[in-house]
Amino acid sequence: MSAPVLPTSLVDNPRLDRWIHFNPDRTVRIATGKVEIGQGVVTALGQIAADELDVPLERIAVLSGSTDHGPDEMYTTSSLSIEMSGGSIRLVCAEVRAKALDRAALRLNCSPDDLSVVDGQFLQNGAATGQDYWTVAGEIDLSQPVTGSAPPKKADAYKIVGRSVPRLDLPAKVSGAAFVHDVLPASVLHARTLRQPNPGATLTSFDEAAIRRAAKGELQIVREANFVAFVSPVESVAQAAAAAAPAHARWDKLRELTAAHQEAAWLKGQPAEDRHIGAPMRTDKPRNLAQITVSRPYVAHASMGPSCALAEFRDGHLTVRSHGQGMHPLRKNLAAALGLPIEAITATHIQGPGCYGHNGADDAALDAALVAMRIPGRCIRLQWRREEEFAFEPVGPAMLVTLHVDLDARGRPADWTTEIWSATHVQRPGSGSGFLLATEALPNPPPEVQPTDPTEARGGGGTRNAVPLYDVPAHRIVHHLVQRAPVRTSALRGLGALPNVYAIESLMDDLAARAGEDPVAYRLSILSEPRARRLVERVAELADWTSRGAGGSGKGLGMAFARYKNRAAYAAVAASVTVDETVRVDRVWCVADAGLVVNPDGARNQLEGGIIQALSWTLKEQVRFDDHGIASVDWDGYPILRFSEVPELHAELVDGAGNPSVGVGECSVGPTAAAVGNAVAHALGVRIHDMPLTRERILKALA
Amino acid sequence: MAIALTVNGNARSVDVAGTTTLLEVLRNHLGLMGTRYGCGLEQCGACMVLVDGEPIYACTRETGTVAGRSVTTIESLGTPDKPHPLQQAFLDEQAGQCGYCLSGIIMSAKALLDRNPAPTRTEIVTALDRHLCRCGAHQRIIRAVERAGRAA
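Which chain is which? The protein sequence lines are A and B, in order.
When the letters of the first sequence are read in order and numbered with the working numbering, they come out as residues 63 to 765.
When the letters of the second sequence are read in order and numbered with the working numbering, they come out as residues 63 to 214.
Same shape as in the complex, but just chain A:
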């Protein structure tokens, strides 16, 4: 028999004790490299461990994001935590359970097959034995590598997985308990930064006296080349200094931007690395060509709280607390940036405000560490300002997508070319494509790198969800990876999925209209996959699709569908809208298939969150630039969907047992945007191709 194929996380972290530890207080510590970012992953991973060990959830303590005790699972991204970390924890727990039973059987002089586990205690033919995980824990060698030889339970044996267990982190969060922002050790020093406006910009003059006057209190200024931080025991003093500083600083080599740079249309014609994926390029003339071009501008994470980190450098060791997406990568990146050995750094995750991708959290950790290295022995709490968060977090790249689809005699796609213009979707530090922000301001800034995009094997970046799931005989992608974006771009929830699904699903409605067919019926005629068909049919039923009117009345109903990354969760979304100069989304229905769902209510919460964020992006959001950088730096300049604008939602999961678990955090994003686009087109009788679907664009479309 060949060795079982282990998940990457286990290949990278084979020792059992990196994952599991039996605490003396009769709890089990389960460690994960993935972190809680508001998505409920700690609860779901705890459920998986509890079921596999036959230990109640109350006895599971999940340790998340610790370089000291936990596994290195890179970043918490791409809706992979349940699949990767959950799959690993399942195998580890099954193996440790088997080892523990072997050990107990030796003590009891019986066969392991005679033993069962209830509440962590070992029963022999149903009777108590006095043995449990904790009595034998000292005799199990958890320094051994995992083999994957112990088969995990079958899905029908799960008692905790599949249940809507309440989130473990929520009681603290409704009671004001601590985020990383709220950790305030005695004698902490507060720090704020003056940011280098762009890589390469140099600080030519700096009126320190004026800043000190504005700060009105004890202030230390840390400067290293073009990195400046203001440090004070009084938070408002550091804040006042940082708020005053830009007016008293002069920079050379500022980037020059124009209004055109903020639009997706600017991307076309820029120097790009061109890639061709899929079917060979066509040389013959198309017979019946349908085309569509859609765009999405730069969009923001716009988290509710600005990035924050704590750092302390003491006796040659740097301790960092951060709300970043991966503590092991953060440690490596800090080591490289600071010239410290990796072992001299401990990084611990503490929860922060919602994270939807590569935001400023890692950058704030380097900022705090830079200050801590200059003021050893003191804990530094560095928090970004609100305007700094908006202006310096990496943004989701603008995208322009054109589809050229040649139709057969029945009006079905026969040959399909997707052409994409986008800057990179990943500039995570350590990826080879990007750096921690402050390194650009230090004396030896990193060289400019050739941007790369996530590979197709990782789901692609600009090309994510560019391949339609419909039956298309020939499909190819032409991807123009624009080399130099006006601002820093990186991963934001769904990456290219939103614009790509918007393009595909807009075209589907157009093609249905061209064929004189109903959009749902048209889709089903070219959609063979049973799991996909089931969702499209179900969402049409929920939305009462058959009563959909002719359109053009100001009321619209639209739907859209995609399978995230073409291999993760399926989601179909329908939206009803009222359009009267602005778009009001009245109702949204979503049906998803995520395989075996660990926590149905948690998964629905994620679907709902994806829907609302996608509505906000689609209807309202665009990062705006001024002459030198991002100009939309507060909530007035960057409005998001409000309570009064949120529609009624219905999100449901079909029974996906029998299929492996896949994450749901990103699957509803693309279909939501496209369903709204289609609903607006139905309401108006004319399509709006460029997001966001603003009043100006509606009026222009109607003119």
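Think of the hints as simulated: they come from the structure by calculation, not from any bench.
What you are looking at is a predicted structure, and each value in this text was computed from that prediction instead of being measured.
Virtual Cβ for every residue (Gly too), placed ideally from N, Cα, C.
Incorrect hints may have been included.
[Stated by the list, open to error] Per label pair, the in silico range of CB-to-CB distance:
id, chain 1, residue 1, chain 2, residue 2, range
1, B, E116, A, E325, 40 to 46 Å
2, A, R649, B, R212, 42 to 48 Å
3, B, K144, A, P592, 45 to 51 Å
4, A, S205, B, E116, 57 to 63 Å
5, A, G439, B, R212, 53 to 59 Å
Got chain A sorted already, so can you dock chain B onto it with the hints?
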């Protein structure tokens, strides 16, 4: 200068300039970290607390202006082990994702329910419209406040 005020029912005195924000006083002088900094601009509501029962933005409110008045923060409600009925309603609805907006939202909901124990959905939306939530937990939050209203 010493400013006397009542915080969560307790008489407190803080030695700060009158212009110091109430948010900084609560967090950095009184150790009440449940009130969040979000924007410092009265735009997001993460810092909402009650002054004499009315929701106000602590991020810009000068502490000198609340001298002698009664300030109520999220810490005045329950704890994870003994949640207040309003907090319990949020748990029952699993109303939240990252949770950063929740302290402020719960305080606005508290003010609403104190003056209107059974608000309509529209009244709830109106009361919460000053708050932003980026994770998209809005519908759950509205249901939680409805539930708390029914339970009252």
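Just to be sure I understand the hint, the distance between the Cβ atoms of B/E116 and A/E325 should be within 40 to 46 Å; is that true here?
Given about 44 Å between the Cβ atoms, the range holds.
Starting from the range 53 to 59 Å, see whether the pair A/G439 and B/R212 falls in it by beta-carbon distance.
At roughly 54 Å between Cβ atoms, B/R212 and A/G439 fall inside 53 to 59 Å, so the hint holds.
B/K144 and A/P592, beta-carbon distance inside 45 to 51 Å?
holds (49 Å)
For A/S205 and B/E116, compare the CB-CB distance with the range 57 to 63 Å and indicate the outcome.
For B/E116 against A/S205, whose Cβ atoms are near 60 Å apart, the range 57 to 63 Å holds.
Verify the CB-CB distance for A/R649 and B/R212 against the hinted window 42 to 48 Å.
Since the Cβ atoms of A/R649 and B/R212 sit about 23 Å apart, the hinted range of 42 to 48 Å is violated.
Hint 2 alone, counting from the list given before, is not met by this structure.
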